[in-house]
Amino acid sequence: MMNMLDIFLVIYIFFSSIMSYKQGLFLQLYSLLSWFIALWFAYMFNDDLAPDIGSLILPERNGLSLLAVDKLLSSIVAFFLIFLGMKFLLRLFGPIVGQVFKLPVLRQTNQIGGLLIALIKNLIVLILFVHILHLFPWETGQRAVEASWISQGILKITPDLTEGLKSLFLYKNN
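Under my numbering, residue 188 is the last one in the sequence shown; the count climbs by one each step, no gaps.
Treat the hints as calculated values from the structure; they're not laboratory data.
Glycine included, C-beta positions come from ideal geometry on N, C-alpha and C.
One should not assume that every hint holds.
Between beta-carbon pairs, the in silico distance windows are [to be verified]:
| hint | residue 1 | residue 2 | range |
| --- | --- | --- | --- |
| 1 | 70 | 137 | 32 to 38 Å |
| 2 | 103 | 61 | 18 to 24 Å |
| 3 | 84 | 120 | 46 to 52 Å |
| 4 | 109 | 174 | 48 to 54 Å |
| 5 | 32 | 167 | 19 to 25 Å |
| 6 | 157 | 61 | 26 to 32 Å |
| 7 | 36 | 106 | 17 to 23 Å |
| 8 | 154 | 30 | 19 to 25 Å |
| 9 | 163 | 109 | 36 to 42 Å |
| 10 | 105 | 28 | 28 to 34 Å |
| 11 | 177 | 113 | 40 to 46 Å |
| 12 | 151 | 62 | 33 to 39 Å |
| 13 | 62 | 118 | 29 to 35 Å |
Put together the whole structure using the sequences plus the hints.
Next up, the structure:
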């Protein structure tokens, strides 16, 4: 039986696919490229920003180094701030690209291709979302992942990703 997380994941895929069909292949390719660029920037600069985020959002520890959970939290926040900032900047150029492909001849191919690219992109997003929920020390999120048959399937197919995310978010310079 589906739990709330499964229902959320299915609704996300459904509505995202409809929107992607309307946007089309070329805007979806641009969106996918902007995802990779934003992920690259977040990966490259996460270690630089995470200690600053940690000192802003976490209480003072009288000179003690941050605990692993504190490092994880500040690293995840820094990663997503960089990622979202880059996505915002790159999103400003999307409408310019999309106008070219609204011509009648290209429209149908553009829409079907957009749907296919969206399914690939949504699969990547869901895999990352489930692994981050599984990794993050939040009991409610972990219980939701454990009860979700979609999440359990994702974890079974991609078992090494959780360890990869741990090594990504626990920044290396400390």
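Hint by hint, here is what the structure shows:
{"no.": "1", "hint": "70 with 137: 32 to 38 Å", "in the structure": "holds (34 Å)"}
{"no.": "2", "hint": "103 with 61: 18 to 24 Å", "in the structure": "holds (21 Å)"}
{"no.": "3", "hint": "84 with 120: 46 to 52 Å", "in the structure": "holds (51 Å)"}
{"no.": "4", "hint": "109 with 174: 48 to 54 Å", "in the structure": "violated (38 Å)"}
{"no.": "5", "hint": "32 with 167: 19 to 25 Å", "in the structure": "holds (23 Å)"}
{"no.": "6", "hint": "157 with 61: 26 to 32 Å", "in the structure": "holds (31 Å)"}
{"no.": "7", "hint": "36 with 106: 17 to 23 Å", "in the structure": "holds (20 Å)"}
{"no.": "8", "hint": "154 with 30: 19 to 25 Å", "in the structure": "holds (24 Å)"}
{"no.": "9", "hint": "163 with 109: 36 to 42 Å", "in the structure": "holds (39 Å)"}
{"no.": "10", "hint": "105 with 28: 28 to 34 Å", "in the structure": "violated (22 Å)"}
{"no.": "11", "hint": "177 with 113: 40 to 46 Å", "in the structure": "holds (43 Å)"}
{"no.": "12", "hint": "151 with 62: 33 to 39 Å", "in the structure": "violated (24 Å)"}
{"no.": "13", "hint": "62 with 118: 29 to 35 Å", "in the structure": "violated (48 Å)"}
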